[in-house]
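S.K.: Residue numbers (my numbering), protein chains in the order written: chain A, 21 to 325; chain B, 13 to 336; chain C, 18 to 354; chain D, 90 to 422.
Read the hints as simulated data drawn from the structure, not as lab findings. You can trust all of the hints, since none of them are fake.
EDC-like mimics (lysine to aspartate or glutamate), calculated; alpha carbons at most 20 Å apart, straight line:
{"id": "1", "chain 1": "D", "residue 1": "Lys-345", "chain 2": "C", "residue 2": "Asp-292"}
{"id": "2", "chain 1": "A", "residue 1": "Lys-211", "chain 2": "C", "residue 2": "Asp-128"}
{"id": "3", "chain 1": "D", "residue 1": "Lys-149", "chain 2": "B", "residue 2": "Glu-225"}
{"id": "4", "chain 1": "A", "residue 1": "Lys-25", "chain 2": "C", "residue 2": "Asp-178"}
{"id": "5", "chain 1": "D", "residue 1": "Lys-345", "chain 2": "C", "residue 2": "Asp-228"}
{"id": "6", "chain 1": "D", "residue 1": "Lys-227", "chain 2": "D", "residue 2": "Glu-288"}
{"id": "7", "chain 1": "A", "residue 1": "Lys-142", "chain 2": "C", "residue 2": "Glu-52"}
{"id": "8", "chain 1": "A", "residue 1": "Lys-213", "chain 2": "C", "residue 2": "Glu-186"}
{"id": "9", "chain 1": "A", "residue 1": "Lys-213", "chain 2": "C", "residue 2": "Asp-128"}
{"id": "10", "chain 1": "D", "residue 1": "Lys-149", "chain 2": "B", "residue 2": "Glu-230"}
{"id": "11", "chain 1": "B", "residue 1": "Lys-198", "chain 2": "B", "residue 2": "Glu-169"}
{"id": "12", "chain 1": "B", "residue 1": "Lys-233", "chain 2": "D", "residue 2": "Asp-187"}
{"id": "13", "chain 1": "B", "residue 1": "Lys-252", "chain 2": "D", "residue 2": "Glu-243"}
{"id": "14", "chain 1": "C", "residue 1": "Lys-299", "chain 2": "D", "residue 2": "Glu-288"}
{"id": "15", "chain 1": "C", "residue 1": "Lys-296", "chain 2": "D", "residue 2": "Asp-303"}
{"id": "16", "chain 1": "C", "residue 1": "Lys-296", "chain 2": "D", "residue 2": "Glu-329"}
{"id": "17", "chain 1": "A", "residue 1": "Lys-25", "chain 2": "C", "residue 2": "Glu-183"}
{"id": "18", "chain 1": "B", "residue 1": "Lys-252", "chain 2": "B", "residue 2": "Glu-225"}
{"id": "19", "chain 1": "A", "residue 1": "Lys-142", "chain 2": "C", "residue 2": "Asp-33"}
{"id": "20", "chain 1": "C", "residue 1": "Lys-296", "chain 2": "D", "residue 2": "Asp-275"}
{"id": "21", "chain 1": "D", "residue 1": "Lys-227", "chain 2": "D", "residue 2": "Glu-284"}
{"id": "22", "chain 1": "A", "residue 1": "Lys-213", "chain 2": "C", "residue 2": "Glu-183"}
{"id": "23", "chain 1": "A", "residue 1": "Lys-211", "chain 2": "C", "residue 2": "Asp-33"}
{"id": "24", "chain 1": "D", "residue 1": "Lys-149", "chain 2": "D", "residue 2": "Glu-171"}
{"id": "25", "chain 1": "C", "residue 1": "Lys-296", "chain 2": "D", "residue 2": "Glu-284"}
{"id": "26", "chain 1": "B", "residue 1": "Lys-233", "chain 2": "D", "residue 2": "Glu-171"}
{"id": "27", "chain 1": "C", "residue 1": "Lys-299", "chain 2": "D", "residue 2": "Asp-275"}
{"id": "28", "chain 1": "C", "residue 1": "Lys-301", "chain 2": "D", "residue 2": "Glu-288"}
{"id": "29", "chain 1": "D", "residue 1": "Lys-345", "chain 2": "C", "residue 2": "Asp-289"}
{"id": "30", "chain 1": "D", "residue 1": "Lys-345", "chain 2": "C", "residue 2": "Asp-243"}
{"id": "31", "chain 1": "D", "residue 1": "Lys-227", "chain 2": "C", "residue 2": "Glu-303"}
{"id": "32", "chain 1": "D", "residue 1": "Lys-235", "chain 2": "C", "residue 2": "Glu-303"}
{"id": "33", "chain 1": "C", "residue 1": "Lys-296", "chain 2": "D", "residue 2": "Glu-291"}
{"id": "34", "chain 1": "C", "residue 1": "Lys-121", "chain 2": "A", "residue 2": "Glu-217"}
{"id": "35", "chain 1": "D", "residue 1": "Lys-97", "chain 2": "D", "residue 2": "Glu-124"}
All values reported here derive from a predicted model rather than from experimental measurement.
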Amino acid sequence: MKQWKRFKNSYFLHSFKRDRVAIVSFVVLLTLILLSILAPVIAPHNPYDTTTIDIMNAEMPPSWMEDGNPDFVLGTDIQGRDLLSTMLYGLRLSVMIGCGAVFLQAIIGIFIGMISGYAGGKVDAFLMRIADVQLSFSTLMVAIMISAIFQVAFGVGRYEQLAVPLLVLIIGLAEWPQYARTVRASVLGEKNKEYVEAARVIGLSSKRIRWRHILPNTMSPVLVISTIQVANAVMSEAALSFLGLGMPVTKPSLGSLINSGFEYIFSGSWWITLFPGILLVVFVLVINLLGDWLRDVLNPKLYKG
Amino acid sequence: MFAFAVRRITQAIIVMLVIGLLGFSIKQKIGDPVRDIVGVSVSVAERDALREELGLNDPFLAQYVRFIKNAVHGDLGMSFFFKRPTLEVILSKAPATLELVFASSLIIILLSIPLGIYTAINPRNLPSRIIMGGSIVGVSIPVFLTAIILIYIFAVELHWLPSYGRGETVNVWGWESGFLTLDGLKHLILPSIALSSIMLPLFIRLIRSEMMETLETEYVKFAWAKGLSRRRIWFLHAFKNTLLPVITVGGVQLGILIAYTILTETVFQWQGMGFMFLEAVERSDTSLLVAYIIVVGALFVVVNTIVDLIYGLVNPTIRITGRK
Amino acid sequence: MKNKLIDIRNLVKHFDISGGLLEQMALRNGRIIRERTVVRAVNDVSLFIHPGETLSVVGESGCGKSTLARALLGLYPPDGGEIYYRDNRIDGLTQQQMLPYRAKMQMIFQDPYASLNPRMTVQQTLEEPIVFHNPSISGSEVKGRVAEIMKQVGVDPKWGDRYPHEFSEGQRQRISIARALMVDPEFVVADEPVSALDVSVQAQILNLLMDAQEQRGLTYMFITHDLSVVRHISSRVAVMYLGRVCELAPTANLFESPGHPYTRALLSAIPDLYDHRHKYIKLKGEVPTPIDLPPGCVFHGRCPHADGRCSREIPSLNHQGSEIYVACHAIEEGRLK
Amino acid sequence: MDHLLEVKDLEVKFALRMGDLTAINGVSFTLDRSERLGLVGESGAGKSVTGFSIINLISKPGYISGGSVIFEGRDLTRLTNEGMRHIRGNLISMIFQDPMMTLNPVLTIGTQMVETLQAHMDISRKEAEDISLEKLRKVHIPSPEKRLQQYPHEFSGGMRQRIVVAIALLTDPALVIADEPTTALDVTIQAEIMELLLELCESEGTGLILITHDLAVVSQVTQKIAVMYAGKIVEAGQTEDIIDNPRHPYTQGLIKAIPDGRNPGARLNQIPGTMPSLIDIPPGCSFHPRCMIRGDICRHESPALKNIHGYRSMAACHMLDTAEKQAGANVTK
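Just need the whole structure built from these sequences, with the hints factored in.
M.R.: Printed below as a string of structure tokens:
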């Protein structure tokens, strides 16, 4: 109750209510996430059920166009699946993989960042060198390489079966340095502050100091990059799927849908690419906008402005 | 400065050894050099003989050392598909990719510096808001989607520009260049815009935020108090200090463009290293894949080291004391 | 001879800031050599503190006074020397062995913004030390004790569930003091506790510290660069310069007849509210860095009385009668009165 | 009589989301040629904002919302940007608090000195360098020729502040505004910088506004003092009058709160509470919640700065008579 009251009066909520962009983004994001969670319930068709798919329906334009079919509001894809349903299922996959990957990154990154920042010295130098090298390769390149290796190692068939957990693993492994660096930087900033020394003077164990005193104080930057990392993970997933290194066409994510539609753009079937594209961009954009807003609010420098 | 350079170069060599180790391990685990050389239609006994001959039964470390030695001499193995040394294959594809990256970098640098400075100096006016709004939309559109949209508009609908390939190229001392023909340049436009679309917003935001931070510093305030002209304060006092972090971050980011060439080259069927890499994955051409990883790794390391050295030259603290 | 609560003998603390092996490489005369960069923060410092007194350690930035305090409390492991607490050696103890002393020795910090954990309420901050040191204590007892201490330091106990950012600087400093008092310590190190505060608030905090000392019989080690504060609250003063104690004397003696040439210069530099335009002793040159300490007496390069011996031989802290100790060849030889 | 500088009813506001907050509320003072004034106050008193508003360099979102700053007969608040540029660093220079942050780290000292001269005078680089060398010698920088080529990080804090002083004096300005010039420095260096500043101002006939929280420092350097509290001047007068015979209860409390070594171990006089922030400046006299002698009138009527009967100083207090008794009781300390 008290927490709620505190939250109600907080600067956080206050600045949220004042910012139209943040409110709109939040509402859109919430809607999209709800749509993706409820996809099996609200989607008019089940794109995974091969018995309901008729290849004769392939490449139908949206219902408002000349050859449109009211059964398929946004038209159909190359395999004759209802595009709207496929997109909802695709968004669902993207959200799942994105959140899963960020969760994995966060665990690896926070752990390594904390160890590195608190221990300092050789351990720090070693871990951060790895992070630096990996980052200088770019997370996309690392993800592409890991997935390429996995695909060669597992074989295409197995890889497609295991695509969701593998993508979570790939994107998680590719992007942990972002977290590790952020957490490390804020641990370095916090660990020399006097409240940490005070905790040491009390005699608290370093484990307790790390996780009880320092960690909560690194959470603002972690929160900010978490939003942006979800956007990045969704983008990475889309990129991998677009390259044929991610979700297979039978279980398409937004990226693989765009990929499958790309070839047909020359024959005029723009909707297979455009609609999933718009959905992907809107989803990523609202997360980025919220991330930006969050950074402005949580950054004490701008806060004092 | 000399000591600083020695340190950075030593670090680069260590990183290259580690990348070599990774590449070598991949080759060991999933590659099959025997297949790369003789294909699949050879008897088991002959294969074993060949394994022994190739030293594939030696201890891991010995093989690794040999691998590195060969790599230093430019031998990264044979491509299973092309039946040619992998390095040769990659080098034949490299000009396409490097020209693409160069063109994009040029677009990014030429646009981001003025836009970044402008939005930092006028943080609240309308043009700045439009630029910043555009930049966040920009980072939210995946490169491949930008590429597809560009193709749809300018190639499919308007027929202004070609949609795929490099067009006519000229061979200059072994370098297949598309810069020297009108057709080549036309082919370059869409891919390079698409490729720069991901980094341009990031660069604008980076320059803007660094510049704004610099404008808030005491020394800039002191420069105002000295009665200097605006231009001198903005373009010398503030921008020179903005440049330092922008060089470190920006240099690395430009290197990262190479990663995104995989996406753009796929969309535009641009016959570069990225396109080749994806084909290698599809064909399970392990040697070529590993060679690509090592070459691109070397490229990244070289870029990073050069960026660090430039940073050291620009920053008087490092130039004079050799310390960070 | 009074007994000693704290006895520091020949304490040394150096920090190696050279970084990794590669960072240590340097080029000298065409040869690559390995060069370590060591900050010699505290060099061979000996001090003792009587129970119930306030010993101030003064010096300018980089003189090692804060490092000395932190080494004393075991926050930095010393590189040499011994530390005794009531005749028990406490340097080099493990966390467990140190625990009983943790409840006796506490610390107050400089920055009222950084010294409290921003994510913990005042109640949580104050409860933590007492619960940690007395795990069997009941909840209501803890609450009672927190309220009692909060009242003592002048913070309304009903504000316990507030976070630090809701308080002013002075109140935060009071809370920081309350945290140190929670475990009922005997000895408190105060590291520049009023330097960040405005004069009017500074007076409040100094009064609070003096009151607490009187009520609880506390012993203080007071780290500061502000000599007027030192003069007001301390019984004895140790003056540090570049990691060494150059003079240790009762406050009145030190301010009336400073011995060491550095002390003289330092005292002459304090602006006096009522004595306009008094002459200060100008020192030549710059303070050397603790990375590259001069040989001999660390002050010789700037000292108006230095001679050849000063640049070769490190002076030791010599007894000059009535608890006055000075580390100076000129005084020892009688060249300087 | 013509003053060098006359600040009249200066008002500065900060435009914040919640509305405009008044940071400086009707500050007036004058400064004659070669005169030195100390602006004294605790953090949040508005002394730095006052200093910066003289050369119209308040950080955003602050702006001058009223009053005038007359310098050599011209109202600086009405000047164009270009007109103001010719004043800044030329006729009025500033010295900042932290010498480690004031100099641009990527430009040599020489560049930073020469550009100042060239911004205001049509002279060659060589001539500008010669002037710079001469000024560096004046602030006792050894081997200045070599020093011109060096970067700020090659100097110690004290040296950097001396260079900043040299830059401030390059164009022989009529007025130097020094904002806490020694707060970031050690005592021995503080003494050195202050002596240098005093010596140079005296020899060149430069006016000085010294902004500081340290009354003792001010008492060494300036002839006049203005004490600020919550955006207003509460007391102003000759230095010795303010120090020896403060009239305003805040000034009295402030001076008595300084441990001066005359009474070691005794409880210090403390002013309860803290300076109000801009958001919650109390109505009436802004000092009244902390004042020991407040009366009813203090709660709703803001006192004006006026002459005190029988004294040279001016004070803004309704209860001056009571304050006098208070001071009388303590004057023997």
